[in-house]
Amino acid sequence: MHFNFKWLTNVFKSPRSSKAPGEAHAMNNMENGFSANHSPPGTPDFAFANPFLAPPLPPSGPDNDKKPSQKRFQPTADDQACAGMWSIYIGEAERYDKSLVEGWKGDMEGMVIFSALYSASLTAFLIESYKTLQSDPAQDTVFLLSKISQQLSNSTVPPSEPPSFETPASAIVCNVLWFLSLALALTCSLLAIFVQQWTRDFIHKANLRPSPIRQARVFAYIYFGLRDFGMHSFVDIIPFLLHLSLFLFFGGLVAFLSPVNRIITYIMIGVLGVFLLIYTALTVIPLVWLNAPYCTPLSGALWRLGNAFGSFLARKHDLDHCQDATLSEALLEKSLQGTSERDRQALVFTMQSLTDDDELLPMIEAIQDVLYYDNQIPFFRDYIRRANVDLIMPLIMSDDPEVNIISRITQYLKRSQVVPALKDP
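Position one of the sequence shown corresponds to residue 18 (this note's numbering), numbered consecutively onward.
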């Protein structure tokens, strides 16, 4: 950049100022438009050390006085019009995230406590098991004492060789399994603490901006990041590692007891077999019956694996359109099939649960909407919703007075003194 300083020449050409040759040369350069960064060789440096050579400051104004953080996002009128819609999204997202994060938090707290207690118990076993990897110091002491005794008694018996030590295979297997088990348990504790920190950070980031528009976009951004990076699968891996640690412990326990007592070893093998059988059953049952309350961390993985090859499991449950769905999503879709009998059972349970009049009144008011069309539609006035008749019939035909809706309404009216009670003759 070149600067023209011709307006300064009158100041420097004042008759009261005497210029040195170097100063005159510098003034000529300035008049000719030389910049400080492109001075001719031989020019004194002091000639360009003038404060007037600094680059000009940017003009001040309302746009330049704003901080960068204030210029990043300014909602437009169209964005402001969507504020109500985004508020609804935030409410739904907060409700979903709250249940999700609270579930993860509770699981991880239990995981940390259990893995800590388990690691302490396993350490006590390791203190005893690692001794089998080296020779017994007591036997070495006995050998040395016997050798000293022979020397003192001038015995002619040739000295025996020190006993050689060879680590038994059972000791190696036991210690390998137990040390792996301890490493997995400690890893689970660390990962569980990480998940607790990440969930707190997730909630904190989601509430950084009070504006509905910005908060909604932050919610969507961090949640899709959570989903894209497989946070759900990561959380499911932690309990699986702890389960694997328990399997390794039982396997090491069998190896530890094998040189001690055969009967105890067989008993532990039986316990381990039953444990494996129960774990396998709990893993497979939710794949066959989606409404089963049992599952293990492997259930979701087996569901995805079964649908990866021909959608075998999805077709078994008539969920051909849910080939890429998770096990939980498949359960939600399956709940919409064959609903008639379950709906009737749910209504019977509801009537049995409504014991107070304050609880029964909303149910009575809702039955009118269930059976009749809206009176605002003249064509359907006083017409019954025949599709819902089968749903209400169990409440009308029931012999149980606590379930029969007519009996309950009559009792309610009598208690309300709308219908006087019948007097005995």
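These are calculated hints, taken from the structure and not from any lab test. Given the structure is predicted, the values throughout are model-derived calculations rather than measurements. Please note that a few of the clues may not be correct.
[What the hints assert, rightly or not] Only pairs whose alpha carbons sit at most 20 Å apart, straight line, appear in this in silico SDA-like list of lysine to any residue:
# : residue 1 : residue 2
1 : Lys122    : Lys333
2 : Lys351    : Ala309
3 : Lys122    : Ala309
4 : Lys222    : Asp114
5 : Lys333    : Phe366
6 : Lys122    : His221
7 : Lys333    : Arg361
8 : Lys351    : Cys339
9 : Lys222    : Ser116
Hint check results:
With a C-alpha separation of about 34 Å, the suggested pairing of lysine 122 with lysine 333 is violated against the 20 Å cut-off. As the CA atoms of lysine 351 and alanine 309 are separated by approximately 12 Å, the hinted pair is consistent with the 20 Å bound. A hinted pair counts as satisfied when its Cα atoms are at most 20 Å apart, and lysine 122 with alanine 309 does not qualify at roughly 24 Å. This hinted pair checks out: lysine 222 and aspartate 114 have alpha carbons roughly 13 Å apart, not beyond 20 Å.
A threshold of 20 Å between alpha carbons decides the hint, and for lysine 333 with phenylalanine 366 the separation of about 30 Å lies outside it, so the pair is violated. Using a Cα cut-off of 20 Å, the hinted pair lysine 122 and histidine 221 holds, with the two alpha carbons roughly 15 Å apart. The hinted pair formed by lysine 333 and arginine 361 fails the criterion: a straight-line CA distance of about 26 Å is larger than 20 Å. With a CA separation close to 10 Å, the supplied pair lysine 351 and cysteine 339 stays within the 20 Å bound.
Pair hint lysine 222 plus serine 116 holds up; C-alpha atoms about 17 Å apart against a cutoff of 20 Å.
Checked against the numbered hints given earlier, the structure breaks hints 1, 3, 5, 7 and satisfies all the rest.
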